[in-house]
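Place chain L on chain R using the hints.
Read top to bottom, the protein sequences are chains R and L.
Numbering (this note's numbering) for the first sequence: 5 to 299.
Numbering (this note's numbering) for the second sequence: 45 to 157.
Wrong hints could be hidden among the right ones.
[Said to hold, decoys possible] Computed cross-link-like contacts, DSS-like style, restricted to lysine-lysine with a CA-CA straight-line distance of at most 25 Å:
#, chain 1, residue 1, chain 2, residue 2
1, L, K96, L, K131
2, L, K86, L, K105
3, L, K90, R, K249
4, L, K63, R, K145
[Stated by the list, open to error] Restraint-style ranges between C-beta atoms, simulated for each label pair:
#, chain 1, residue 1, chain 2, residue 2, range
5, R, R176, L, E84, 40 to 50 Å
6, R, K283, L, T48, 54 to 64 Å
7, L, E84, R, E276, 18 to 28 Å
8, R, N174, L, K86, 55 to 65 Å
9, R, D102, L, T48, 37 to 47 Å
10, R, R71, L, I49, 31 to 41 Å
11, R, R176, L, K90, 39 to 49 Å
In case anyone wonders, no lab produced these hints; they're calculated from the structure.
C-beta atoms are modelled at their ideal positions from N, C-alpha and C, and glycine is treated no differently.
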Amino acid sequence: MKKRILVYMVTAFAFAACNVAEKVKDKYVPQEEIRTDDVLAEIKGEPKKEEVKDTNVSQISKKELKRLEKERIRQEKIMAGDTLNFFERTFPKRIRRDSIYPQIYKELPRSILVVYPWNRSKNQYGDRMFQTAITQELSLKGYYLFPVLTISQQAKTDTNFNSRYQNADNVRSYFENYGADAALFITIYSINKEYWSTKTEIVADYTMISTHSGDTLFQRRANFSYSSPFPLKDKSKESLLEDNKEFQIYEAVQRLQHYVFSDFPYGPYHKEYLKDKKKFSHQTEMDYKISVIPE
Amino acid sequence: MKKTILVIACVICLSSCNKVLYNYYNYNELAYTYSKGGWEDKEMKKMVKQYKKIVEIPKGKTVVPPPGCCVDYACMLIQQGDTTKAKVFFDKEILLYPESKMYVDNLKKEIGL
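Just chain R, with the same shape it has in the complex (with noise of 0.2 Å):
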């Protein structure tokens, strides 16, 4: 008992010894002076300089310091490149279909015959997937789509009857054989998905054009990428398709046709058929960046 007393005292001195030793210290050590030029000059001996006084002083209120602050960043965004005011850039300017798409309301079209995707990504079944999946998504919009079996059907004898080889001289011919008032031409940039990841990425390029004036009545250009749930939605017991990957990738293929269509002009078969003109209407160009993960 009486031994553990004692370590702890020989403890709490050693400890005590240590801190006056640093006191001790930092009294003798010399210390360093800051001296300023007028005190050197004196030591010197040289004449002391003349002190120049700031009259243009002003005082600025903090209300005026903020307009300021305010006014230097609305600068700097301007240099930016960025001139929408936070009233704009919040409820930004309203696009009318009518504006969109005039040529689609002069023509007013009936039927689409969707021409054979171009398929230029590594996915070897994405020209089919865009094929089938756009039907369902231009057909309730109230148009009349052309059978997609049969059309496919002639697309693997016919290798000319693809978006590839097909160009707005030659679209009449559509008219001619099938009596269709307007022709889609889709091209698959890409489609890729990591088997580690949820996200699922699409480029893809949509034209449409009347048969009749050879004019584009739609064109679309979409940059989708789709982050799924996690864990990944399987496919069902009862689903045709073969693997999960494919099925994740073909859900994300029918997502992306519905946004690409989402301000699409409604057709003959529908109730709301020329009274969607003051809808509103996307840019031709948008990047459809959709997460369902929760952030």
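Coordinates of chain L only, in the frame set by chain R:
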């Protein structure tokens, strides 16, 4: 008071029921699988059975089969040798969607119906 709340709730419920034009069932998957090809007779029969539901039990606002589906179904029937029934569905497509007349007539000629 209770009555008013009940009426408002009913109105909200009814207004939120937004029926689509056509009911496609699992059309997208079906069409995609069919377009890939390479199916056996058993799978083909299963697909035709599912497709039949889209054409013969139409739902949605219009209560008619979606555009193009009758033609696709008719082509499936032709593959199975049922040309008389196929002809009925070709005619049904023209009746429901007059825009398809030119295409269906050309297709019928091609097939020899």
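List in ascending order the numbers of the hints, as given earlier, that are violated by the structure.
2, 6, 7, 8, 10
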